[in-house]
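Engineer: Protein chains in written order, with our numbering: chain A, 1 to 142; chain B, 1 to 398.
No lab work stands behind these hints: they were computed from the structure. Errors might be hidden in some of the hints.
[Claimed, not checked] Heads up, simulated DSSO-like pairs for lysine-lysine below, C-alpha to C-alpha not over 30 Å straight-line: (1) B:340 <-> A:117; (2) B:141 <-> B:34; (3) A:74 <-> B:340; (4) A:121 <-> B:340; (5) B:338 <-> A:63; (6) A:104 <-> B:34; (7) B:189 <-> B:294; (8) A:67 <-> B:39; (9) A:121 <-> B:100; (10) B:100 <-> A:118; (11) B:36 <-> B:140; (12) A:74 <-> B:34; (13) A:83 <-> B:34; (14) A:111 <-> B:39; (15) B:338 <-> A:130; (16) A:67 <-> A:130; (17) A:39 <-> B:306; (18) B:36 <-> A:74; (19) B:340 <-> A:40; (20) B:340 <-> A:94.
As the structure is a computational prediction, the values presented were derived from the model and not from experiment.
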Amino acid sequence: MKNALKILILTGLFCKPLSFIAQTDKDKVEALRITFIEKKLELGKNEADKFWPVYNEYNDKVKAIRKNLRQSFKRASDNISEKEAEDLQQLDLKSKQAEVDLHKLYSEKIKTIIGVKKLVKLRNAEDDFKREIINSIKEKSD
Amino acid sequence: MVSNKNIFKVLVLISAFFLLLHKTEAQESFDSLKLKLPKHYFKTVIVLDAYRKPNQSISDTLDFLSKKLKSYGVNQFIFSLTTPLATFEHPVYDSTSAQKNTHLLLTANYMLLQPTFNGIPTHNLVKAGIGVRLIVNSGKKGIWFIDAAPFVTGDVSYSSSKPYYRMASTIVYSHNKSARFNWRIGITKSFMWGNRNYLPFIGLRFGRLDRTNLSIQFPRSISLNIPVNPKFTISFYTKPQGGMFNFSNHDSLYYIGSASSFHFTRYEINTGFRADVRVNDWFNFYVALGLSTKNNVTFYSEKANKEKRNTPYHTYFYNQNMKPTGFFNAGLVFKFGKTKSYYNNKNLYDAIDLNNTIDGGDNNTSNGNTQIPIESKNLKKQDLNLKSVQDLVDYNDF
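The whole structure should be built from the sequences, with the hints applied where relevant.
Structural biologist: Structure, rendered in structure tokens:
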């Protein structure tokens, strides 16, 4: 049993340095973004219960599209073939079309839940948050 | 004259038509990208938990067995796993109901328990089991939680002890009156009080799960949880811990010498302080210290067990309450897999809390609820790196 405790402590010590290498604060930024939007929108309990699952679903899909696009372009090397370049460009167009389509669809869904006025507020809140982040990065680099 | 109700119906129908049209278009263009999205809301969680309570002498000097056993302490190690098997979505996109979903999870656990009596050699008691749990998010204010955790116990130190099968189970309905108040009601069959009791499950929570909250979950725990920041949470808690195990009669503790084994039960109530550190997305750890009170040990025979197989036992040949002592508990929690987003989805926070509060192996351990994101109040400069803000950056211009 004492050995079990030792193994536990050793595993912890081993994991700790690794974890800091792997750590990103993506989730922290995302949590902050959600809190920011929550405050700006001032949703009622019933609205919030319905809004957040749909909004999360939309974000998951948009993020998946962007990540896929980002990675595909990153993978493309300098001596990319004509065919590969054409495929990439098609993927770019398809991805943007999919984003627009999703935006249309989820705007309608969200509108039925929170109404058009709050939908506009949501857009503004997202922009405001981006601006805050950009300002913070500027401050960081100064 | 056309009534308002009819106008409303026509408007709803027109909206539904356009929504359906958009949905088909959007789904087609999204599907054409063949992207893989996470399937579940729950991560696969592995917990390694170690618990130790030092030996203390048994104060009863009259009883023959007390004299023989001399002292009592506990060393315990638990491995537990919870993994999602299937998630069923029942999407509703209107103003009347929120998203509904059903989750099927697999639980597995292994416990090595060493009740240390100075007067006899150490016995290694093992408890292992695989169970399933169903969590139904009704999409309104309620979550249904059903858990079945069959397990086998045995004394692996001596081959004379035969394994014994038991099953713990819980059914709970959890109602989110608001994000700040939740009540739960249900029934649980548990062995953690050192007996096979069917107990009512009554829970109350005051405060949001992602902020400071007081959670009273009878018969499992009472805890005050204080998130200091998104990475660090402290809690003050009290909870019972215990179980029923087969115990080899190798040391002739049971006076009928021909009996190869008997039943050993123990429970204690632990009150203490716990710190949970969320190192990153896939790893967190905790340490807890406190006082262990109401320490009880009971031995009863196989005959007494057989006579009342499904009801609490009342006949025993040894029963002893020990003095309070300190305890130490530490654990490592590993979380694997990507999940669908559930930010601010209070029903899913509650489902995750149920999954974590009621552990799969009836050991009453907790992995710290770290899958629930803690509200972030401000950003530190070091939080801002390209990875953390990449999804926010629009790069449509070229």
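Engineer: Evaluate each hint against the coordinates.
Structural biologist: Comparing the hints with the structure gives:
Our distance criterion of 30 Å between C-alpha atoms is met by residue 340 (chain B) and residue 117 (chain A), whose separation comes to about 28 Å. Proximity of residue 141 (chain B) to residue 34 (chain B) is assessed by CA-CA distance (about 34 Å); at most 30 Å being required, the pair is judged violated. Only pairs whose Cα atoms come within 30 Å are accepted, and residue 74 (chain A) paired with residue 340 (chain B) is accepted, the gap being roughly 25 Å. Restraint check: the Cα-Cα separation between residue 121 (chain A) and residue 340 (chain B) comes to about 25 Å, which is no more than 30 Å; the hinted pair holds.
Using a Cα cut-off of 30 Å, the hinted pair residue 338 (chain B) and residue 63 (chain A) holds, with the two alpha carbons roughly 13 Å apart. Distance restraint check for residue 104 (chain A) and residue 34 (chain B): the Cα-Cα separation of roughly 20 Å lies within the 30 Å cut-off, and the hinted pair is therefore satisfied. Straight-line distance between C-alpha atoms of residue 189 (chain B) and residue 294 (chain B) comes to about 21 Å, which keeps the hinted pair within the 30 Å bound. Distance check on the hinted pair: residue 67 (chain A) and residue 39 (chain B) sit about 17 Å apart at the alpha-carbon level, within 30 Å; holds.
Annotation: proposed proximity of residue 121 (chain A) to residue 100 (chain B) holds, straight-line Cα distance about 26 Å (limit 30 Å). Between residue 100 (chain B) and residue 118 (chain A), the direct Cα distance comes to roughly 23 Å. Compliance with the 30 Å bound is thereby established for this hinted pair. Restraint check for residue 36 (chain B) and residue 140 (chain B): satisfied, since their Cα atoms lie roughly 29 Å apart, inside the 30 Å limit. Proximity of residue 74 (chain A) to residue 34 (chain B) is assessed by CA-CA distance (about 18 Å); at most 30 Å being required, the pair is judged to hold.
As the CA atoms of residue 83 (chain A) and residue 34 (chain B) are separated by approximately 20 Å, the hinted pair is consistent with the 30 Å bound. Annotation: proposed proximity of residue 111 (chain A) to residue 39 (chain B) holds, straight-line Cα distance about 26 Å (limit 30 Å). A threshold of 30 Å between alpha carbons decides the hint, and for residue 338 (chain B) with residue 130 (chain A) the separation of about 25 Å falls inside it, so the pair holds. Of the pairs offered as hints, the one joining residue 67 (chain A) and residue 130 (chain A) holds, with about 18 Å between alpha carbons and a cut-off of 30 Å not exceeded.
Proximity of residue 39 (chain A) to residue 306 (chain B) is assessed by CA-CA distance (about 60 Å); at most 30 Å being required, the pair is judged violated. Proposed proximity of residue 36 (chain B) and residue 74 (chain A) is supported: the alpha carbons are some 19 Å apart, at most 30 Å. Taking the CA atoms of residue 340 (chain B) and residue 40 (chain A), the gap is about 24 Å. The hint holds against a cut of 30 Å. The straight-line distance between the Cα atoms of residue 340 (chain B) and residue 94 (chain A) is roughly 23 Å, inside the 30 Å bound, and the hint therefore holds.
Checked against the numbered hints above, the structure violates hints 2, 17; every other hint is satisfied.
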